[in-house]
Amino acid sequence: MEAMKRTLLDKINVENVKLELMRTAFGRQSTLLGRLDPRILIIWYSIFAVMPWFIHEEAVLFGLLLPMILFTLSSKVSPLVLIIMAIGLLSELAYILIASFLFGGSMEGIWALLTLTLKILIISLASIAVFSSMDPEKLSDALLSLGMPAQFSFGVSYGYRTLPILIEEYHNLIHSYRLRGRAPEADSWLRWRSLLYMAKISVIAFYPLILNTAKRTRTTVEALEVRGFTYSLVNKEAKRLKLAYLRVSWRDYVFLAVSAIYMAALFWTAHAIFPL
Amino acid sequence: MIPAAASHHLVEEPAQAAPAIELKNVSFRYPGAETDSLRDVSLTVQRGEFVAIIGTNGSGKSTLCKCLNGLIPHYYVGDLTGCLHIAGLHAAEESVASLSRKVAYVFQDFENQLVRPTVYDEAIFAPLNFGYADYRSRGERALALLDLTRLKERWIWQLSGGQKHLTALAGTLSLDPDIIIVDEPVAQLDPYHARLIYDKLKELNERHGKTIIVIEHHTEFIADYCSKVVLMDQGTLRWMKPVQEALSAVEELTSLQILPPQVTRAAYAADPSRALYPITLEEGEAYFREVARSVSLPGQSATIRSDAEVSAKKEGLIEIRHVSYAYKTVAKERHPVIRSADLHLYEGDRVAIVGNNGAGKSTLLKLISGLKKPEGGLLTVCGRETARTSPEKLADFVAYIHQNPEEMFIEDTVRKDVEYFLKARHQLNDSSFIDEVISRLRLQDLQQRDGRLLSGGQQRRATLAIGLAMRPTVMLLDEPTASLDAASRRELGEMMKELQDRVKLTVIATHDMQLVAEWANRVIVLYEGAIAMDTNPETLFSEPALLRQAGLVAPQMTELSHRLALSPPALTVSRFLERMGIGPISHKEGRWTDGSHEANPAG
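So the protein sequences, as listed, match chains A and B.
Number 93 in full-length UniProt numbering belongs to position 93 of the first sequence; there are no gaps in the numbering.
Number 555 in full-length UniProt numbering belongs to position 555 of the second sequence; there are no gaps in the numbering.
Bear in mind the hints are in silico, worked out from the structure with no lab data behind them.
Bear in mind that the values here come from a model prediction, so they are computed numbers and not experimental data.
Treat each hint with caution, since some may be false.
List of simulated lysine to aspartate or glutamate pairs, EDC-like, C-alpha gap at most 16 Å [what the hints assert, rightly or not]:
1. B:Lys332 <-> A:Glu185
2. B:Lys328 <-> A:Glu185
3. A:Lys215 <-> B:Glu392
4. A:Lys215 <-> B:Glu406
5. B:Lys366 <-> A:Glu185
6. B:Lys393 <-> A:Glu168
7. B:Lys328 <-> A:Glu20
8. A:Lys138 <-> B:Asp121
9. A:Lys215 <-> B:Asp412
10. A:Lys200 <-> B:Glu392
11. A:Lys215 <-> B:Glu111
12. B:Lys366 <-> A:Glu15
13. B:Lys332 <-> A:Glu20
Simulated restraints on C-beta separations [as the list claims (entries may be wrong)]:
14. A:Ile120 <-> B:Glu93: 39 to 47 Å
15. B:Glu93 <-> A:Asp135: 51 to 59 Å
16. A:Ser194 <-> B:Glu543: 47 to 55 Å
Selected chain B positions facing chain A (Cβ under 8 Å, derived; list incomplete) [said to hold, decoys possible]:
17. Gln113
18. Phe130
19. Ala133
20. Tyr135
21. Lys152
22. Ile156
23. Gly377
24. Glu406
25. Met408
Beta carbons: idealized from backbone N, C-alpha and C, even for Gly.
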């Protein structure tokens with residue numbers, strides 16, 4: 001048992017989290033959703049992220065959950081992301097049970113809260129599936145094409161570029177804290193002192209990270225100026241060239257049509273089986 | 001196809017007579033500054049020249065270059081007077097956009113210049129911004145010019161430092177500029193990659209007719225590649241001279257903390273009355289062959305000492321037995337970095353770990369510091385097995401200094417950073433110890449400033465102070481002289497010697513062979529994660545084949561010794577002169593002869 005606890009804790013270290021993040025961001029995989037036009041995907045996502053809030057029939061919600069699970073599986077999502085989501089979900093369920101127990105709530109209250117959790121689950125899975133299968137570059141271009149300001153869409157793709165630098169530097173800063181700091185002595189119950197210590201340095205390490213990034217920005221801003229970024233903001237031709245590769249194909253129409261038919265079928269079935 | 005395109009470009013340019021750059025009485029003051037950063041600078045650079053700009057920090061080199069690409073006065077709005085003609089354009093009337101199509105600029109911290117995720121995206125970024133319909137072929141041509149085509153699909157973060165620099169260059173070449181400015185290419189790169197960059201610049205200059213301007217501290221590169229040298233001093237342009245004449249001004253340059261090539265200094269020391277000196281290795285060889293004929297060469301003296309026997313009597317501090325380490329890649333593969341290494345390090349050792357990029361130098365240091373745990377074998381530091389000891393515990397014995405000083409500054413003043421270790425251990429009883437460390441590294445005036453805002457040399461000193469204040473038994477330094485100018489490098493060399501009475505064992509990972517020659521008494525050559533050689537500097541530099549294999553470039557004096565068949569080779573200028581039977585050296589020159597009296601390995 002002790003050995004198992006150790007290996008599990010050893011697995012959750014900065015090194016492995018870093019690798020998982022890099023895999024999520026840069027593991028180029030061809031997925032079902034990734035082959036679609038990013039603009040269509042964004043529109044599809046914005047419909048399906050809002051719709052669950054207006055649906056009350058549990059049967060329909062379960063029917064929505066099914067394709068979301070399939071999409072998430074097809075997107076080869078990193079286990080790290082799923083674990084984080086699972087932790088969130090389980091703690092939410094625990095809190096619902098405790099809350100309803102303490103306040104003497106009936107089963108009806110729990111049922112309503114469980115429905116809410118189900119909606120959140122659907123939206124979370126949709127977000128994970130869409131954003132982990134969409135290349136950030138395509139996302140950035142889609143946003144530009146949908147009329148977002150160029151500074152904003154560039155910010156998305158620049159974030160993608162700087163992510164590895166930030167992760168690496170953050171890791172080294174954590175090292176600096178560890179090499180000069182002092183870890184708690186005695187191994188307390190469930191190592192909570194150690195966990196608290198690590199949690200503390202993983203938060204304060206952001207301060208030097210932010211300052212270092214601010215310092216680096218000067219070169220980046222000058223380079224953007226010299227390389228014509230400001231010029232491209234007012235140049236229509238540059239934007240047209242950049243977005244020329246985005247095309248809506250038959251695949252996108254099929255995807256939208258299937259989605260619509262599935263939704264219609266879902267509502268029809270739900271009403272047929274559980275009439276109001 | 002590419003050369004054809006380039007020659008076509010050359011023919012197309014009509015006014016060959018017009019110089020690439022013509023500045024007349026240019027002065028510039030940054031907004032809010034008290035004094036001018038550039039004062040009355042007049043400079044003419046002809047098309048196709050390869051010019052180096054030298055000068056100390058703050059002499060106005062970078063400001064001058066920013067005038068050339070239009071960042072001054074269009075982005076940094078300040079007081080600019082005088083007349084600037086750049087690539088046939090009247091600079092004051094143009095925008096940054098139109099000037100930057102003529103003038104390419106590669107920054108010193110080029111990594112921050114790269115704003116796109118992949119190499120190809122980076123190459124097409126600028127032409128796409130300017131709305132060139134042929135942006136794809138422009139990007140591809142630029143990549144082909146620099147032999148980067150096979151790296152096209154790579155992520156930027158997967159590249160080595162040299163490849164990143166080339167990518168930054170490709171990103172500017174895709175606009176097909178007439179003038180290319182590169183700010184301190186050698187500073188951030190290892191010697192092998194630095195030479196690669198210069199070879200590419202030379203090709204662009206000779207085959208494609210580009211005008212090249214480099215800001216450079218390393219005069220040995222200037223001697224090998226440049227045709228003219230501009231000396232800047234306190235915002236003024238002191239002179240512009242042909243390269244040999246410029247580098248032969250040994251006395252003037254050394255007074256400005258610029259070190260001429262070792263062969264030039266040696267020749268100057270031998271005969272200070274000449275007007276011109278050899279500046280390259282080849283010229284040095286010819287020169288000293290001539291000298292050797294007139295003086296009788298001493299016989300093959302000095303046998304190589306073995307330090308291993310001396311060390312054996314001392315206390316063993318680090319024991320590495322069959323240690324191996326591999327890191328996981330994003331593609332879930334394991335990439336071995338250290339392969340079954342065996343090494344014992346003793347008290348009094350000054351160890352330099354050398355090897356090319358990716359040989360595992362940094363990983364070895366991190367393994368010793370306890371930040372990484374060995375995957376196989378046994379590693380003990382001061383009697384503690386690192387696999388069972390937390391980095392915090394090991395820090396009582398080991399201080400590790402990061403390659404990038406900025407990653408060492410976790411507080412908002414230098415003093416707080418220096419105190420951090422003792423404070424965390426509640427051992428900061430009296431501040432006199434901290435005061436002593438601060439004054440020893442000459443940080444009194446800087447101690448209340450944020451470490452991030454100091455200059456490169458000051459940052460290194462501050463990180464050394466942080467390390468010393470940990471009162472370590474073992475000090476580990478990763479690339480301590482990277483990105484330092486010649487003066488700061490010398491200073492750091494002196495500081496390293498200061499450490500010896502405080503620390504029992506110092507280990508550095510470095511590309512800087514001059515530092516190895518002057519400071520180390522033990523050299524570990526890493527080659528593809530294995531220890532290829534464990535020896536002293538003299539023996540290392542007697543093996544040119546191994547040096548080449550490990551991607552190392554020996555100091556010029558060592559190369560010269562080989563060519564003149566001096567064995568074992570001299571490692572420093574003064575040792576070389578001694579061996580040649582030239583001297584005594586004049587007092588003035590003695591300051592600059594690498595302090596070999598201290599640098600000689602104990603014995």
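The hints, checked one at a time:
no.: 1; hint: B:Lys332 <-> A:Glu185; in the structure: 35 Å, violated
no.: 2; hint: B:Lys328 <-> A:Glu185; in the structure: 31 Å, violated
no.: 3; hint: A:Lys215 <-> B:Glu392; in the structure: 29 Å, violated
no.: 4; hint: A:Lys215 <-> B:Glu406; in the structure: 10 Å, holds
no.: 5; hint: B:Lys366 <-> A:Glu185; in the structure: 23 Å, violated
no.: 6; hint: B:Lys393 <-> A:Glu168; in the structure: 23 Å, violated
no.: 7; hint: B:Lys328 <-> A:Glu20; in the structure: 11 Å, holds
no.: 8; hint: A:Lys138 <-> B:Asp121; in the structure: 13 Å, holds
no.: 9; hint: A:Lys215 <-> B:Asp412; in the structure: 14 Å, holds
no.: 10; hint: A:Lys200 <-> B:Glu392; in the structure: 15 Å, holds
no.: 11; hint: A:Lys215 <-> B:Glu111; in the structure: 13 Å, holds
no.: 12; hint: B:Lys366 <-> A:Glu15; in the structure: 13 Å, holds
no.: 13; hint: B:Lys332 <-> A:Glu20; in the structure: 10 Å, holds
no.: 14; hint: A:Ile120 <-> B:Glu93: 39 to 47 Å; in the structure: 59 Å, violated
no.: 15; hint: B:Glu93 <-> A:Asp135: 51 to 59 Å; in the structure: 42 Å, violated
no.: 16; hint: A:Ser194 <-> B:Glu543: 47 to 55 Å; in the structure: 48 Å, holds
no.: 17; hint: Gln113; in the structure: 4 Å, holds
no.: 18; hint: Phe130; in the structure: 5 Å, holds
no.: 19; hint: Ala133; in the structure: 7 Å, holds
no.: 20; hint: Tyr135; in the structure: 7 Å, holds
no.: 21; hint: Lys152; in the structure: 14 Å, violated
no.: 22; hint: Ile156; in the structure: 7 Å, holds
no.: 23; hint: Gly377; in the structure: 18 Å, violated
no.: 24; hint: Glu406; in the structure: 5 Å, holds
no.: 25; hint: Met408; in the structure: 6 Å, holds
When each numbered hint is compared with the structure, violations occur for hints 1, 2, 3, 5, 6, 14, 15, 21, 23.
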